[in-house]
Amino acid sequence: DAGITQSPRHKVTETGTPVTLRCHQTENHRYMYWYRQDPGHGLRLIHYSYGVKDTDKGEVSDGYSVSRSKTEDFLLTLESATSSQTSVYFCAISEGSYGYTFGSGTRLTVV
Amino acid sequence: EDKVVQSPLSLVVHEGDTVTLNCSYEVTNFRSLLWYKQEKKAPTFLFMLTSSGIEKKSGRLSSILDKKELSSILNITATQTGDSAIYLCAAVPYGGSQGNLIFGKGTKLSVKP
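Chains as they are written, first to last, in my numbering: chain A, 1246 to 1356; chain B, 2 to 114.
Since the hints were made in silico from the structure, they are not lab data. Honestly, I wouldn't trust all of these hints.
Stated by the list, open to error - Sample of chain B residues facing chain A (criterion: CB under 7 Å; computed from the structure):
1. 42
2. 43
3. 44
4. 104
5. 106
6. 107
Just so you know, even glycine gets a beta-carbon here, dropped at the ideal spot from N, CA and C.
Kindly generate the complete structure, drawing on both the sequences and the hints.
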């Protein structure tokens, strides 16, 4: 979607390796989120940010960390990837109202 | 525990049919409900519903919220193959963190020619 980009779009990594996914926005929105989407579970919140250096955990935060050093960038790190973290990861932004805008997603496969 | 339940989980119809997708919620301090359409990539916003009984309409799609029944429906009339997608609903509670969107698991709609 215009204004929010995720990278990489696809990644295959080995179990035990660290992985960082990037979300970049050009909308200057305050709130940024990381979700994962899995069959049978829908979208589940991993972490979110409500400002630079202000982050909090979501529903499924174990095994993930995040950082937001600039308004426009929100990084999701898997410290030591596991097969259970194979998923599609979506970043989303909002300005405190309800108009969430989602990125196009990152498909991560952990082998 | 807050939850959102969508039904059916999947649905197959033919072009021209009318479909109704359901979303029920049990959310503390409910504020509003969102509907999204997800094709191959990112969910895209369809409707936001805050007031009960007021229909939102966009072309062949319409949606309404019933706060008494804690539910919402999404109607699609004269379906087309391009309507094939996963439809997600999400509840937004008052207060708490801004990360509190509570998603249902989605309804997968397949429209056959």
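Task: Structure-inconsistent hints, enumerated in ascending order - done: Checked against the structure, no hint fails, so every one of them is satisfied.
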